[in-house]
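Going down the list, the protein sequences come from chains L and C. Anchor point for the first sequence: position 71 equals 71 in my numbering, and the numbering is continuous, going up by one each time. Counting the second sequence from 1 gives a position; my numbering is that position plus 1000.
Among the hints, erroneous ones may be present.
As the list claims (entries may be wrong) - Straight-line Cα separation of at most 27 Å, DSS-like style, residue types lysine-lysine; simulated pairs:
| id | chain 1 | residue 1 | chain 2 | residue 2 |
| --- | --- | --- | --- | --- |
| 1 | L | K41 | L | K54 |
| 2 | L | K221 | L | K49 |
| 3 | L | K373 | C | K1372 |
| 4 | C | K1218 | L | K221 |
| 5 | L | K16 | L | K54 |
| 6 | L | K310 | L | K296 |
| 7 | L | K54 | L | K31 |
| 8 | C | K1372 | L | K398 |
| 9 | L | K176 | C | K1307 |
| 10 | C | K1162 | L | K163 |
| 11 | C | K1031 | L | K221 |
| 12 | C | K1304 | L | K398 |
| 13 | L | K398 | C | K1218 |
| 14 | C | K1218 | C | K1055 |
| 15 | L | K165 | C | K1304 |
| 16 | L | K296 | C | K1162 |
| 17 | L | K54 | L | K69 |
| 18 | L | K221 | C | K1307 |
| 19 | L | K310 | C | K1162 |
| 20 | L | K41 | L | K373 |
| 21 | L | K310 | L | K373 |
| 22 | L | K373 | L | K31 |
| 23 | C | K1304 | L | K176 |
| 24 | L | K163 | C | K1307 |
Stated by the list, open to error - Here are the simulated distance ranges between beta carbons:
| id | chain 1 | residue 1 | chain 2 | residue 2 | range |
| --- | --- | --- | --- | --- | --- |
| 25 | C | N1247 | L | K41 | 32 to 40 Å |
| 26 | C | D1368 | L | A339 | 28 to 36 Å |
| 27 | C | R1039 | L | A402 | 40 to 48 Å |
| 28 | C | T1225 | L | E281 | 23 to 31 Å |
| 29 | L | E281 | C | G1227 | 19 to 27 Å |
| 30 | L | L6 | C | T1225 | 38 to 46 Å |
| 31 | C | E1308 | L | D297 | 34 to 42 Å |
| 32 | L | G177 | C | R1039 | 45 to 53 Å |
| 33 | L | G177 | C | D1368 | 27 to 35 Å |
| 34 | C | D1294 | L | P208 | 32 to 40 Å |
| 35 | L | Y406 | C | R1026 | 27 to 35 Å |
| 36 | C | M1034 | L | G177 | 21 to 29 Å |
| 37 | C | N1247 | L | E39 | 27 to 35 Å |
To be verified - Facing chain L, according to a computed beta carbon distance under 7 Å, are these residues of chain C, among others:
| id | residue |
| --- | --- |
| 38 | E1231 |
| 39 | G1311 |
| 40 | G1381 |
None of these hints come from the bench; they were simulated from the model. Virtual Cβ for every residue (Gly too), placed ideally from N, Cα, C.
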Amino acid sequence: MNGLDLFPFPKHRLQKTDLDLAASLQGLVEKQVMDRRLELKEDYEGLLKPSLGKLMAEIGLQKMFWPEKYGGDEHNQPAASYTVAAALEQIGRADVGLAFLAAHSLALQAALALEDNYREEQVAAVAPLFCEGNRPLIVSFVLPTLVEEEGAPEWRGKGFQVKAKGGAGGWTLNGKGVRPTCSGVDAGLFGVACAVEGEDEPAFILVPGDAPGLNRGAEFKKTGLAASRNADLDLAGVQVPAAGCAWRGDAGFFKLLSWYYLGLTAAGVGALLATYEILREWGDNRVIKGRGHIFKDNPLTAALMGEIAKEVVVDRLLAYDLAGMLAEPDAYGGDGSQALFTSALMLAHQVMASAEYTINRTMELMASAGYAKEWQLERYWRDIKTMQCYLGAYELAKHDFARWYYRTNTL
Amino acid sequence: MRTIDDFTRPLEYISPMDGLLGSIFREWVEKDVMPYRRRFDEDYMDHSLIHPPFKKLLGEYGLQRMIFPEDLGGWGMGRSNFLCVAAYRMFEEIARADSGMAMAFGVVYWPLLFIALEPHENRRLLEEFAPMFCATDEAVFGALCMTEPQGGSDIENVEIVKGNTIQTTAVRDGDEWVINGHKLWPTNTGGLARLMAVVCTTNPGSNDPRDIAVIYVKDDMPGVTQGPAYEKAGMAADRNGDVWYENVRVPLWYRAIGPGDDAKYFGEVMATGNMGIIAWISGTMMNIYERLLDYTSRKRYRGKPLKEDDGVAGLLADFAANIEAIRIVGYQCARMCDRHDLYGPLWDPGLVAKMRAQRYLCMDRFMDVTGKVMNLMDAWGADRDWDVEKHWRDVKMLQMVEGSKQLCQIEVARWFYECETL
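Excised from the complex, chain L in its bound form:
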């Protein structure tokens, strides 16, 4: 019995198609990624890029929300959140970086194409980028973050990296040394949070990867998430048509980020399921304290293994709880609400911290094998930590929690 079957989740809330998709993805990633990663390691061209192509374009995750008339699957009801959770935990089980990239695409699709958000003009402009052809479209975001510029406009304390100026012909974007959330080297579409010159309300503007004036730096080295080859960007007078503005104001950001956090949470659960499987094999076969003492039968190590299983159970249930909140937004503060955004951010941080804790403990149990690339565990450890960093600083997220739960108006 693998982790998919063993650890409980609210199966009754998922459609048969969700479960079928998860089973299909499980088979695919085991064959496409897990069986080959000892040989290909973190090879982007040899392993990760082709896998991304299969998942996004061939299986069609990048078409999921878009209307059928544009070539999509039109799976655009709020309950698609369960599909996202079921799919991304399977992908994350094989490679957190691939799930991280898929989370970007699915979050943007949800923000633009969920039936409640639907704007025909915008969908008509964007959906073909996702649905036409058989190439994966890698989506990346540029979000407010920690900046060095004094006096930079802020969103919830963090500085905008890009400034936009509106005009009759559309938008002009400028930003230097901009840090995207993923794939600065490869992304085909950037969703850019912008401060708008002379206005208080921010804008979220979609910038095609080949837009003139968008310059990509060299790939920089980072801890994990090899599927995301990241690089800083310069935006020098990038021109975007008026329709490229996906939304103005906080609600759109809350909606996008809530779905994005669901994706990251599910990817984290995938890593936890993989960790369990690696540890289970270790515990079944390792002998300690002399001959005949099986690792999992020692009370001290068994207790820690039990705690690890508990973390996986709780985190998986939390991920599906978040999917449930997005599936029924009116019961949880409303779609695009600060309440739902805050809950999603909390749960994402909770699962990320738990995953870090769990993989750390598992590495300790496996000692040197936990650290060797051969056993694969260290890869999940690096990936989860990197994803946690990109999720954002927990110390600052706590201010978001306080803003909602304690109405701390000056933060």
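Chain L is already provided as a structure; the job is to place chain C on it using the hints.
This is chain C only, laid out in the frame that chain L set:
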């Protein structure tokens, strides 16, 4: 401007050569290691960047001679009761740049402790090996080969397992030992080690500690094969690999001390190893502090430098507080290793248990606060260029050497609570 030198050290017992050693190592680190360390991960197999600074430090500066007696060309520190506090300072300075280098440096001496420390100095073996280390300006590395495929930390767990799982055999044949076996993970292997102290059994399956033998083997002896360096999450400067011994013949007198004493003094390598790990942790934290100070001064949140936010400052304070505490614990640990007259012999199970307790406590604190400050740095926390992630990756391995945390816990509980069946 605050610097790393503003953190507390117990000045009443630092070594007399602390200032000189500190300045030599600080300069070497700044000039020969810092500019290259961000490329060390990709250099794990070749050591084309890692080896030159080692050549300078160990060979040209002569640090590899340190533990040998002066009349054999060494510096006589094996007889000093400041050996461990001096080592602490050196380890800390190197680890500030790269804890893998610090570990590789420490393990140069580790296998020699069996023969270089009083009261079990083995003059004949010191004379045998001194030219290898003292008569060259090339870097020479030692290795202590313990771990085996089937038992992981069992070898380090001498007190309970008593060596009965050791598969590497030493069979007496005339005036030679014939060694056969397979070791995993020793630091400074992967083709690097010139001299190895190999933990063997002279009677497979025996529960008698007198059958545990520590026998020296040179890498160029027939039958010794070192595999390539493992690929790991970090610690590129610490080369680990498989070592196979196939009918390796060494003189009988290459055994470190003798029946019973090899196992007894194994406690010394455990105690000093744990002390070294704390030094590598605190050195690493010094550099994280430097990078964090820079980062939180530059990056802005709510219109101010990040460090000026009250909520963030709480975490920054926690990090500084942990440096203060870990460093004091670490130096105390080193002093306990040096002052046998006050704290008992270095091989005593009680002292080993205390070292393990201090080491795993410091390690847990490191992983907790470093994980948090790495996350505080947002997307830049995972950047190679900000160095924190490198230290986070590297130090994790230190949690696993000399046995897992659970082994540490068992040893600590066994001694402090007088457990009889653990």
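Going down the list of hints, with the structure as the test:
Straight-line distance between C-alpha atoms of K41/L and K54/L comes to about 18 Å, which keeps the hinted pair within the 27 Å bound. As the CA atoms of K221/L and K49/L are separated by approximately 18 Å, the hinted pair is consistent with the 27 Å bound. Between K373/L and K1372/C, the direct Cα distance comes to roughly 24 Å. Compliance with the 27 Å bound is thereby established for this hinted pair. A C-alpha spacing of about 39 Å is found between K1218/C and K221/L, which places the hinted pair above 27 Å, so the restraint is violated.
The hinted pair formed by K16/L and K54/L meets the criterion: a straight-line CA distance of about 22 Å does not exceed 27 Å. Between K310/L and K296/L, the direct Cα distance comes to roughly 15 Å. Compliance with the 27 Å bound is thereby established for this hinted pair. Restraint check for K54/L and K31/L: the C-alpha separation of about 12 Å stays at or below 27 Å, so the hint holds. Among the hinted pairs, K1372/C with K398/L is consistent with the structure: their alpha-carbon atoms are about 13 Å apart, no more than 27 Å.
Our distance criterion of 27 Å between C-alpha atoms is met by K176/L and K1307/C, whose separation comes to about 23 Å. Between the alpha carbons of K1162/C and K163/L the distance comes to roughly 68 Å, so the proposed pair goes past 27 Å and is violated. About 23 Å separates the Cα atoms of K1031/C and K221/L, which keeps this hinted pair within 27 Å; it holds. A distance of roughly 18 Å separates the Cα atoms of K1304/C and K398/L; the hinted pair therefore holds under the 27 Å criterion.
A hinted pair counts as satisfied when its Cα atoms are at most 27 Å apart, and K398/L with K1218/C does not qualify at roughly 57 Å. Restraint check for K1218/C and K1055/C: the C-alpha separation of about 20 Å stays at or below 27 Å, so the hint holds. With a C-alpha separation of about 25 Å, the suggested pair K165/L and K1304/C falls inside the 27 Å cut-off, and the hint holds. Between K296/L and K1162/C the CA atoms are separated by roughly 22 Å; this keeps the pair inside 27 Å, and the hint holds.
Straight-line distance between C-alpha atoms of K54/L and K69/L comes to about 22 Å, which keeps the hinted pair within the 27 Å bound. The suggested pairing of K221/L with K1307/C holds, with an alpha-carbon distance near 26 Å, which does not exceed 27 Å. Distance check on the hinted pair: K310/L and K1162/C sit about 35 Å apart at the alpha-carbon level, beyond 27 Å; violated. With a CA separation close to 8 Å, the supplied pair K41/L and K373/L stays within the 27 Å bound.
Distance check on the hinted pair: K310/L and K373/L sit about 26 Å apart at the alpha-carbon level, within 27 Å; holds. Pair hint K373/L plus K31/L holds up; C-alpha atoms about 19 Å apart against a cutoff of 27 Å. Restraint check for K1304/C and K176/L: the C-alpha separation of about 20 Å stays at or below 27 Å, so the hint holds. For a cut-off of 27 Å, the pair hint linking K163/L to K1307/C stands: about 25 Å separates their Cα positions.
Between N1247/C and K41/L the CB atoms are about 36 Å apart, so this pair conforms to the stated range of 32 to 40 Å. Evaluation of the 28 to 36 Å hint for D1368/C and A339/L yields a pass: the beta carbon distance comes to about 31 Å. R1039/C and A402/L have their C-beta atoms about 42 Å apart, which keeps the hinted 40 to 48 Å range intact. Take T1225/C and E281/L: their Cβ atoms lie about 29 Å apart, and the range 23 to 31 Å holds.
The hint said 19 to 27 Å for the Cβ distance between E281/L and G1227/C, and at roughly 23 Å that hint holds. Our hint of 38 to 46 Å for L6/L and T1225/C holds, since their Cβ atoms are close to 42 Å apart. Checked against the given bound of 34 to 42 Å, the beta carbons of E1308/C and D297/L, roughly 53 Å apart, lie outside it. A hinted range of 45 to 53 Å for the beta carbons of G177/L and R1039/C is inconsistent with their spacing of about 22 Å.
The hint said 27 to 35 Å for the Cβ distance between G177/L and D1368/C, and at roughly 31 Å that hint holds. A C-beta distance of roughly 36 Å is found between D1294/C and P208/L, which places it inside the suggested range of 32 to 40 Å. Between Y406/L and R1026/C the C-beta distance comes to about 47 Å, which lies outside the given range of 27 to 35 Å. For M1034/C and G177/L, the hinted distance range of 21 to 29 Å is satisfied, since their beta carbons lie about 24 Å from each other.
A hinted range of 27 to 35 Å holds for the C-beta pair N1247/C and E39/L, which are about 34 Å apart. Annotation: E1231/C was flagged as interfacial toward chain L, and the flag holds, the nearest CB pair being 4 Å apart, inside 7 Å. Hint on G1311/C holds. Least Cβ distance to chain L is approximately 6 Å, under the 7 Å limit. Interface hint at G1381/C: satisfied, since its Cβ lies 4 Å from the closest Cβ of chain L, which is below the 7 Å cut-off.
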